[in-house]
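Undergrad: Chain residues, written in single-letter form:
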Amino acid sequence: MNPRQISVFLENRSGRLKEALEPLATANINLRAISIADTTDFGILRLLVDDPDQAVQILKDAGFTCTINAVLAVEISNVPGSLAQVVSILAAENININYLYPFSCSSLLLLQTCNNTRAKQALTAAGLTVLAETALGKL
Amino acid sequence: MIWDTNEQLTRDQYQTLQEQGLKKVIRYVYDQVPFYRRRMQEIGIEPEDIRSLNDLIQLPFTTKDDLRHNYPYGLFAVPLDQILRLHASSGTTGKPIVVGYTTKDMANWTNLVARMVTQAGVLPQDIAQICFGYGLFTGGFGLHYGLEKVGATVIPASAGNSEKQLMLMEDFGTTVLVSTPSYALHLAEVAQSLGLDPATDLQVRLGLFGGEPWSERMRQEIEARWGLAATDNYGLSEIGGPGFAGECSARQGMHISEDFFLVEIVDPDTLQPVPAGTPGELVITTLSREAMPVIRYRTKDITRLHSEPCSCGRTTIRMEKVTGRTDDMLIIRGVNVFPSQIETVLMETPGVAPFYQLVVDRQEHLDTLEVQVELAPDYFTDNYAALERLSKQIANNLHKVLSLTAQVKLLEYNSIQRTAGKAQRIIDKRRSL
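Here the protein sequences come in this chain order: D and R. Counting from 590, one number per residue, gives the positions in the first sequence under this note's numbering. Counting from 338, one number per residue, gives the positions in the second sequence under this note's numbering.
Rather than coming from a laboratory, the hints here were simulated on the basis of the structure. Mixed in with the good hints, there may be bad ones.
Just a few of them, taken from the derived set where beta-carbon distance is under 10 Å, the chain D residues facing chain R [stated by the list, open to error]:
#	residue
1	Glu-600
2	Phe-653
3	Thr-656
4	Asn-658
5	Leu-672
6	Tyr-690
7	Phe-692
Built from N, CA and C at the ideal position, the CB exists for glycine as well.
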């Protein structure tokens, strides 16, 4: 199974991110990766945690609108050009990347594309390692 | 079922009744209420000059300010010892408006509400939960006495404490819900958060909603969430509270009790009568009130009248759902905007919850309209572009309806304050400039 990511709809007002993160901290949930995209009015907070189901429940109980969806976790080398390589593989296959962000250790890249299944095949065929959710826990 | 034989008179009979009623009430206020006498004398009209319904337009209008300036008892036509009950409007600005009832007024009121709830479909075997505040507001007590009159079992739950309301509904087997439409939606949400599906877990089959304007789309939303038939009713404290008009099962407008009230529709700017069937401001003259008759009261509510016979068998004139209030009407960059128009657009857009707020401001001498609306939780996916498309789509639809560019702001679900009373939907920051 691909790693599951939590997406949280956040209004762009001060203190709202804190209100989302505090209950997770209280429940001792470790954030493995985090990304925030924003416009002037709202943002989407994306999180990778060890137990997404529990985290989603906590966020919903705290009144947040959130959802779970899958991302790809691709291992890349920490050398110049490695991100360019991933991107060009997908470009060659005409697969759009919706967004990407790094995992907490920098040699892992999280990305979501318009077609995760085909993206995974293309990346694996090019010799890259695409990790399952269970593999992230060991990192 | 029809409560009263007076709901099925011929148009001619109503006209005769109203003509007699008008002459009588004009003589009555001239003799009993110095305010009306002075007003008539100022323009040189004596009660004898009012000979037919056509003479009504010679009489001056009465406004909310007139009622306010005569606080508390200035417009009463009887001495206080004949007053059995006092109610008052919420009075968000300054002093409230006070209304009094004599023993006969109370009996008439009860009967009018009995008509109205029967029209809506309430039966003696119903269990009706009233979620209007019991207090100075006419809604709670008004519905209470009328529902008792038709023999329904009344639960005087009053406003607030939604979880308890739902507990009562579940345990007592409530079949009729009486509330504001926005509170009905709020209750449905609270129910869902408690794991209760109002449509299947509760027995509420009929809703009587009033107290604030609401759109046809909001009706559909309430009906879908509750699995009930939602009916509209209309009344205002100034003319005695609920019981003025209500919908029947045909849903072709709200039947007005014409034997008690004389209605007109006028152009809110020129104050001249509009041609039959044209929308305009509703003006009401009470024909039978003893304690506090009101002559040509300007309701500020915009509606339209229909006089053709209704399939339910009643012959009284009907008013359409109120589409807005002249004082709710926002003028934004010279364009007239009714909040109900915006509500309809929002309700027609999948992806947003039926909770919204309108913020009007002025930036660099230009009016701005921001429509804040909650994102429906089910609609949220990880897709950023979808959210932007949603706000753009709302803005486009608003532009089509209003010819005005509005900023659309998507809010988190539940971030707009829920209320048991009338929803506060407009924040006009220009007023403080």
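Undergrad: All hints, please: hold or fail.
TA: The hints, checked one at a time:
Interface hint status for Glu-600 (chain D): upheld, as the beta-carbon distance to the closest one in chain R is roughly 5 Å, under 10 Å. Hint on Phe-653 (chain D) holds. Least Cβ distance to chain R is approximately 7 Å, under the 10 Å limit. Interface hint at Thr-656 (chain D): satisfied, since its Cβ lies 6 Å from the closest Cβ of chain R, which is below the 10 Å cut-off. The interface hint given for Asn-658 (chain D) holds, since its Cβ lies 5 Å from the closest Cβ of chain R, which is under the 10 Å cut-off.
Checking Leu-672 (chain D) against chain R by beta carbon gives a least distance of about 21 Å; that is not within 10 Å, so the hint is violated. Taking 10 Å as the C-beta contact cut-off toward chain R, the hint placing Tyr-690 (chain D) at the interface is violated, the least distance being around 13 Å. Among the interface hints, the one on Phe-692 (chain D) is violated; its C-beta lies about 17 Å from the nearest C-beta in chain R, farther than the 10 Å criterion.
Checked against the numbered hints above, the structure breaks hints 5, 6, 7 and satisfies the rest.
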